[in-house]
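There are 2 protein chains.
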Amino acid sequence: MSVILLLLALSSTVIALDNGLALTPPMGWLSWERFRCNTDCEGDPENCISENLFRTMADLVVSEGYAAVGYEYINVDDCWLEKNRGPRGELVADRKRFPSGMRALADYVHAKGLKFGIYEDYGNYTCAGYPGILGSSRQDAEQFASWEVDYVKLDGCYSLPTDMDVGYPEFGRHLNRTGRPMVYSCSWPVYQIYAGISPNFTSIIEHCNLWRNFDDIQDSWASLESIIDYYGNNQDYIIPNAGPGHFNDADMLGNFGLSYEQSKTQMALWAILAQPLLMSVDLRTIRPEYKAILQNKKIIAVDQDPLGIQGRRIYKHKGIEIWSRPITPIYQTYYSYAVAFVNRRTDGTPSDVAVTLRELGLQSPTGYRVEDLYEDVDYGVLSPNTKIKVKVNPSGVVILRADVQPERFSKRPLNPFYYRYTKK
Amino acid sequence: MSVILLLLALSSTVIALDNGLALTPPMGWLSWERFRCNTDCEGDPENCISENLFRTMADLVVSEGYAAVGYEYINVDDCWLEKNRGPRGELVADRKRFPSGMRALADYVHAKGLKFGIYEDYGNYTCAGYPGILGSSRQDAEQFASWEVDYVKLDGCYSLPTDMDVGYPEFGRHLNRTGRPMVYSCSWPVYQIYAGISPNFTSIIEHCNLWRNFDDIQDSWASLESIIDYYGNNQDYIIPNAGPGHFNDADMLGNFGLSYEQSKTQMALWAILAQPLLMSVDLRTIRPEYKAILQNKKIIAVDQDPLGIQGRRIYKHKGIEIWSRPITPIYQTYYSYAVAFVNRRTDGTPSDVAVTLRELGLQSPTGYRVEDLYEDVDYGVLSPNTKIKVKVNPSGVVILRADVQPERFSKRPLNPFYYRYTKK
Numbered sequence: 001m002s003v004i005l006l007l008l009a010l011s012s013t014v015i016a017l018d019n020g021l022a023l024t025p026p027m028g029w030l031s032w033e034r035f036r037c038n039t040d041c042e043g044d045p046e047n048c049i050s051e052n053l054f055r056t057m058a059d060l061v062v063s064e065g066y067a068a069v070g071y072e073y074i075n076v077d078d079c080w081l082e083k084n085r086g087p088r089g090e091l092v093a094d095r096k097r098f099p100s101g102m103r104a105l106a107d108y109v110h111a112k113g114l115k116f117g118i119y120e121d122y123g124n125y126t127c128a129g130y131p132g133i134l135g136s137s138r139q140d141a142e143q144f145a146s147w148e149v150d151y152v153k154l155d156g157c158y159s160l161p162t163d164m165d166v167g168y169p170e171f172g173r174h175l176n177r178t179g180r181p182m183v184y185s186c187s188w189p190v191y192q193i194y195a196g197i198s199p200n201f202t203s204i205i206e207h208c209n210l211w212r213n214f215d216d217i218q219d220s221w222a223s224l225e226s227i228i229d230y231y232g233n234n235q236d237y238i239i240p241n242a243g244p245g246h247f248n249d250a251d252m253l254g255n256f257g258l259s260y261e262q263s264k265t266q267m268a269l270w271a272i273l274a275q276p277l278l279m280s281v282d283l284r285t286i287r288p289e290y291k292a293i294l295q296n297k298k299i300i301a302v303d304q305d306p307l308g309i310q311g312r313r314i315y316k317h318k319g320i321e322i323w324s325r326p327i328t329p330i331y332q333t334y335y336s337y338a339v340a341f342v343n344r345r346t347d348g349t350p351s352d353v354a355v356t357l358r359e360l361g362l363q364s365p366t367g368y369r370v371e372d373l374y375e376d377v378d379y380g381v382l383s384p385n386t387k388i389k390v391k392v393n394p395s396g397v398v399i400l401r402a403d404v405q406p407e408r409f410s411k412r413p414l415n416p417f418y419y420r421y422t423k424k
Numbered sequence: 001m002s003v004i005l006l007l008l009a010l011s012s013t014v015i016a017l018d019n020g021l022a023l024t025p026p027m028g029w030l031s032w033e034r035f036r037c038n039t040d041c042e043g044d045p046e047n048c049i050s051e052n053l054f055r056t057m058a059d060l061v062v063s064e065g066y067a068a069v070g071y072e073y074i075n076v077d078d079c080w081l082e083k084n085r086g087p088r089g090e091l092v093a094d095r096k097r098f099p100s101g102m103r104a105l106a107d108y109v110h111a112k113g114l115k116f117g118i119y120e121d122y123g124n125y126t127c128a129g130y131p132g133i134l135g136s137s138r139q140d141a142e143q144f145a146s147w148e149v150d151y152v153k154l155d156g157c158y159s160l161p162t163d164m165d166v167g168y169p170e171f172g173r174h175l176n177r178t179g180r181p182m183v184y185s186c187s188w189p190v191y192q193i194y195a196g197i198s199p200n201f202t203s204i205i206e207h208c209n210l211w212r213n214f215d216d217i218q219d220s221w222a223s224l225e226s227i228i229d230y231y232g233n234n235q236d237y238i239i240p241n242a243g244p245g246h247f248n249d250a251d252m253l254g255n256f257g258l259s260y261e262q263s264k265t266q267m268a269l270w271a272i273l274a275q276p277l278l279m280s281v282d283l284r285t286i287r288p289e290y291k292a293i294l295q296n297k298k299i300i301a302v303d304q305d306p307l308g309i310q311g312r313r314i315y316k317h318k319g320i321e322i323w324s325r326p327i328t329p330i331y332q333t334y335y336s337y338a339v340a341f342v343n344r345r346t347d348g349t350p351s352d353v354a355v356t357l358r359e360l361g362l363q364s365p366t367g368y369r370v371e372d373l374y375e376d377v378d379y380g381v382l383s384p385n386t387k388i389k390v391k392v393n394p395s396g397v398v399i400l401r402a403d404v405q406p407e408r409f410s411k412r413p414l415n416p417f418y419y420r421y422t423k424k
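One line per chain: the protein sequences are P and F, in this order.
Mapping of the first sequence onto UniProt numbering: position 49 corresponds to residue 49, and the numbering continues sequentially without gaps.
Mapping of the second sequence onto UniProt numbering: position 364 corresponds to residue 364, and the numbering continues sequentially without gaps.
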């Protein structure tokens, strides 16, 4: 029964980019937030944007267990190019920092079982002043395909937002015509929103797998809060745009400026919001507790839920927020849910939140199997009238998963059928 | 030589409260930031303000090694009182939450080799609405002495700031007349500053060991930043007031809302600023990396430097700040220094800072032995012209200690004399 309903849910989505990619939000590693445009390979060889950096991160994504939990893209961001195109108008990777060239780097990444992403810009220049694709979009798309690129992030600096409604689809068509499936990540709506233009999301969904719609994330709780608020305050407008193959993109997962609790909050809400999980951290030095957050399989499973529905803020009062996302399994007309309780207060002491499942919108008379996704707590099968009480740390989160049960909840003890049904 | 100069330095300070206490900033544990006014011992027995909580924390301060590095006060904050005084006008601890009474709790703490602190308020009520000392200040001081209290924090809610110039000294005299040495922590200047009154710091220094002069800290980087800015922007006004026996009080050390880097920044700057180190954390659940920050002996040694000089911000530009504190040993006219480099930027990548010792004001021709206080890096003995380069994480810190050398720096290898001289 749940399978049939899942297919129905998928078939009702809007028309989307038909490259077969990003049916769930992409997962991987991206250089920008952590390494920016550091081109000083003489003074800072370990941290500059270079083929060595990406090879090292690809190595670590595999050896440190990130690939095993789903992270697969190794994505280059800005500052990989020479300042000028080559004699035939082709893009050239910086000869000192990428001496083996991008095809060799892609081969290295592919040999690891991973996928390779690259960055360009729709305008005359990238945001850091390297050559953009304007006027060369077909050639550049073909070049990316020849390099065996799997993912293209196309930024929007140095271009006219009014042109984007033509330019972004055009580059997308060039990508598709190469015959190589490449995830297409657009910055199209955010530049239009900044310019006061109301984006044509019907077209954006049709042409892009992902799109940025708000500020770049900075490595601070304040920045993360502003993004959380944007997603909550604009949810009725942006949630309908998300679905398998086409997702809103709230930007990267970072760490320096976030406390342990805050990092847990970001990971939980990114999963609730069906966000790409693009780590921008130094995998050589990341502390083990942050690594454990990024590798939390239960939360990743929420993020990667096949329904691809973006969750929403369902409660906000006195610094306490509750966020909820419908997920599989489905039974009859009832979804399962991931529910995140967020404490935005800063008065230093945990806050108690008590709520019935029914108040959260979990109304199936068959009940829900509820577990905590960070703490090893299994609440068992609860009826909609059960009140659950959680203690949420300041700037922290409690995230629960509630799987709807396929038959009427009874007070019998747990049986093996229940166990198989909900085990991931 | 250094000893003689040290004595000279001490003798030049202003007249201060003569109870012989707080010659260096007090260290201990305080309930407020973490446990607030949680009086719900039925619903939340593990976290309510009760004698059990303070006994548990006293146990952990010893068993987890905090006492061994200098933390000694176990300080009760607001919400320990019954709502009404007893039949003889005496203060009564809450009978349900402190059934053994405060003397028994003090005995428990003393038996652990620790000291016991208590909270009251100069006004009619404490900030949470329990009885204040107004009209009973002599009786209350004597009661605290009879309970063998070692530290009194006197808040300023429900009182007139204009009365404080009389009331705070009066209570201090009552404390002194008991014959029991008790650290006297005042909230006198902060309430006056809020009321637009310019505090009489000559009198405050004479009567108090510590005083709050700015907002209560909240468990967030934004709150910590506001305090850091206050101390930097007002440093010429407040630094002269600090010295052995009398210190500014920037409030507690917390953790939930601070990242690992941010917690390191608070600890380093609290040491630079000669601040009391009053942990307000849950010692039962604190993560090991935060515990290591609180127990960093090298940074505690800076905080507890016997000169008691409060450091200052000596550089601030584009999000990079340098803070510096003169410390022992002294050679001729040259201090040693603790120097903290703080990165207030949030763009996610570490910032390099390069500066000569001379530019930091470290001009002794004999040179300085320089070491990093968080990382295990010993720079050896450096001349004032040496340029040091540090990499500072976003919202993070690098803190160095530079010990002036007692004879002319030469290029000879390190000899045992140097080693003895600088070993802590």
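Keep in mind that a hint or two might mislead.
Copies of the same chain are indistinguishable here, so a pair counts whether it falls within one copy or spans any two.
Straight-line alpha carbon distances no greater than 27 Å define the calculated DSSO-like cross-link-like pairs of lysine-lysine that follow [to be verified]:
hint	residue 1	residue 2
1	K298	K112
2	K83	K112
3	K298	K389
4	K112	K391
Calculated directly from the structure, the hints in this document are not laboratory data.
Status of the hints after comparison with the structure:
{"no.": "1", "hint": "K298 with K112", "result": "within (25 Å within a copy, 44 Å between copies)"}
{"no.": "2", "hint": "K83 with K112", "result": "neither (30 Å within a copy, 68 Å between copies)"}
{"no.": "3", "hint": "K298 with K389", "result": "within (21 Å within a copy, 43 Å between copies)"}
{"no.": "4", "hint": "K112 with K391", "result": "neither (42 Å within a copy, 32 Å between copies)"}
In summary, the structure is inconsistent with hints 2, 4 from the numbered list given earlier, while agreeing with the others.
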